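Starting from the known structure of chain A, arrange chain B on it as the hints suggest.
Protein chains in written order, with the numbering used here: chain A, 1 to 294; chain B, 295 to 736.
It is worth saying that the hints were derived from the structure and are not from the lab.
One or more hints might be untrue.
To be verified - Quick list of the computed label-pair ranges, beta carbon to beta carbon:
| no. | chain 1 | residue 1 | chain 2 | residue 2 | range |
| --- | --- | --- | --- | --- | --- |
| 1 | B | 345 | A | 160 | 52 to 62 Å |
| 2 | B | 537 | A | 23 | 47 to 57 Å |
| 3 | B | 345 | A | 124 | 33 to 43 Å |
| 4 | B | 433 | A | 35 | 47 to 57 Å |
| 5 | A | 135 | B | 392 | 45 to 55 Å |
| 6 | B | 387 | A | 139 | 41 to 51 Å |
Every value quoted in this text rests on a predicted model; they were computed, and no experiment measured them.
We put the beta carbon where it would ideally sit given N, CA and C, even for glycine.
What follows is the residue order along each chain.
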Amino acid sequence: MEKMLRNKKALLVFMLPAFLLFTLVLFIPIIQSVYYSLCEYKGMTKPVFIGFDNYKNLLHDKTFGIALKNSMFFLVFSCVSQLLVGLIYAAILTNIKKGRNLFKNIIYLPCVLSSAALGLLWLFIFGPKLGINQLLIKWGVEDPPLWLMSTKGTIPLPMWMIAFVSLWQFVGQSMMLYMAQISGISKSLMEASYIDGCTKPMTFRYITLPLIKPMVATAMSLNAIGSLKFFDLIWNMTTGGPNHKTEVLATHLYQQFKYFKYGYASAIGVVLLILCLLVTLFINKVVKTEQYEM
Amino acid sequence: MKKRRILATLMTAAMFATTLGGCGNSSGGTGASTNSNGNGGGSGSGKSDGVQEITWMFWDDLDATEDLISLGYKETIERFNKDYEGKYHVKPITTNLEEYYNKLNALVAAGDTPDVFIVSPGPQLTDYVEPGVAAPLDDYLNKDGWKDTFTSDAVFTQQTYDGKIYAVPLNTAAACCFYNTEMFEKAGAKVPTNWDEMITACDKLKAAGYTPITISAGTAWCLSMVAGYLCEAEGVELAKLADGSASWEDGKLESAATKLVDLSKYFQKTAAGDTNDVATANFYNEEAAILIQGSWVIGQINGSNPDFESKCGVFQFPGVDRIIAKSDSLCMSSTSKNPDGAAALIKYFTDDTAQKYTAEKGGKIPVTKVKYDEAAAPKQLSYVMDVFGKAKGTFGFYNESMPTTETGAHFDDTMVAVFLGDMKPAEAAKDMEDYYKANCRK
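Isolated chain A, as found in the complex (with noise of 0.2 Å):
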């Protein structure tokens, strides 16, 4: 392996594929957005530099005030609701015998699953028409509530809606990333804390929590940026609307696409480079990690 390692050419060589990827398929594009940002681009014309023009009229685009909080509360929601239900799977998971492997797969399917078609059965679920509502009628509820067409609200109920489908979808995730770092647990550091009289839930508290730090960071950044670009799900089952009360960053920045202000689409996705990047390293400073011998 060192001899490899001293081999310049090889490493030259297998590191062009990627290196040329990479450049091509993400470098430039994202150079090329940031500089769009500061164009008025119209995808058809050549770009005109217009500075930060598109920027300033974000702070004045009221969809995109919303869009930013509807964002905002997916971030935290997400974080919060899957790093919380993600770790109690994981827990009861890796503490059963009978029926793991089962449950392990029927809690992790949704994530393999599209979430264009999954929007689409949620959409038929939460539909005044048919699923939900269907029943609650029969069960004599005269006004069911409007799950994805109600507007009231600071975050108005189809965002709750959402919201909770994409925890039922992407939850599995969390808790496989759990599961993997709780089963690297040496078995004697838990047999030790039984031996000094420590009960489960206080193994879980001082043995478990603390060596699986590192992946909380881990799975809450995977988390934060999933829910900042997240898009599909909301797209089939609202479209954003009703009139734009469900817009997040990345569906606003679709609909620019209509009107052909690539400039002020490209904008709108530096703002979310700029928001992954910021709460990746919030996280990583937040989530503070030390390294244990398992």
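Relative to the frame of chain A, chain B by itself:
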């Protein structure tokens, strides 16, 4: 630790790039593959067997639709493919209406404009004419007397820019009030001719246990169409608003918006989120008494529930003299590699066979002088023709008669906000005035 943070940050950037990268343009926007207009290298392609492919883009799925007009378009394409077998072959690109312009614009920006595409006249067509995406069609229209087959040159008014025609209309539709005659009869309601009678009719329908009006605010232009009629009744003049000689805050829009709020008390409960298709289905499934919609809906109603035709009446939106009219129009890409084939395809949509189908089965008004069998046409078409005949003129959809596509969308959103109670009528008027000052007036 520091290294880990840097690595995590880099990974974040890499993950996010998949989203951001979508905003970029693979051709670099003005690279070597673009033409003088900045467009891509052209559409259409040659096949190895010598058959030239023509792409045609439309806002309905031809294989899944029950809409009779869309099915007529499918028949026209099949007829064209058969007649030009071995020379041209049409490849339809379809999507739903809500996604149509997003997809079309992405194709245009990527330099892959379809050879022929449908577009609404007004600022949406302007979006494709001004940057040179759409080609002028005068040479083709003047050849072999094609232009003479149309009812008059006036049908091209909305498609003409600097004296050149950039799109060919396929049919005309009028926005009317479709109503369930049986429900009206049972409720003892009369066909309204003014605003007060409209409210009285809705009250009677509601008292009889019916949902008076089905409408979509989820598809904003549907609600905005009603707002357009209410603005017309109040005397709003869009041209004067655009040049600044009138103000949105002169009380007319406020009054129209107040009436919209009054009328909304008679909408179905789910109007805020219902899409156009759902709202229309409420009508032909007899869950509501009135549907305010363009006459293109006849094909959708009769295609989905043929038994409903006998119960479906039509009246003009009360309190207005003019009627909202609109045509589906086809554009040809300026970068088409098969312009002759593309023009021939457009011509097929306006030939006698297609135009007869438009009237006799689709229920839309033909744009050519074709003689069609009025007895064979849907009953609703004759009612629409009556409404058309009595109207003192036509005007365009409000959202398609404003300076830009985005301004039209802003009007739609503002009217939906009024309906939802997020804005008061006076606030809506101020919002529109502020928007016009900032974006529409020089």
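Quick rundown of the hints versus the structure:
Checking the proposed 52 to 62 Å range against residue 345/B and residue 160/A shows it holds: the Cβ atoms sit about 54 Å from each other. For the pair residue 537/B and residue 23/A, the supplied restraint of 47 to 57 Å holds, since their beta-carbon distance comes to about 50 Å. Taken as a hint, the range 33 to 43 Å holds for the pair residue 345/B and residue 124/A, whose Cβ atoms sit roughly 42 Å apart. Checked against the hint of 47 to 57 Å, the C-beta distance between residue 433/B and residue 35/A comes to roughly 39 Å, which is inconsistent with it.
In this structure the supplied range 45 to 55 Å is violated for residue 135/A paired with residue 392/B, their Cβ-Cβ distance being about 29 Å. Look at residue 387/B against residue 139/A: about 46 Å separates their beta carbons, and that is inside 41 to 51 Å.
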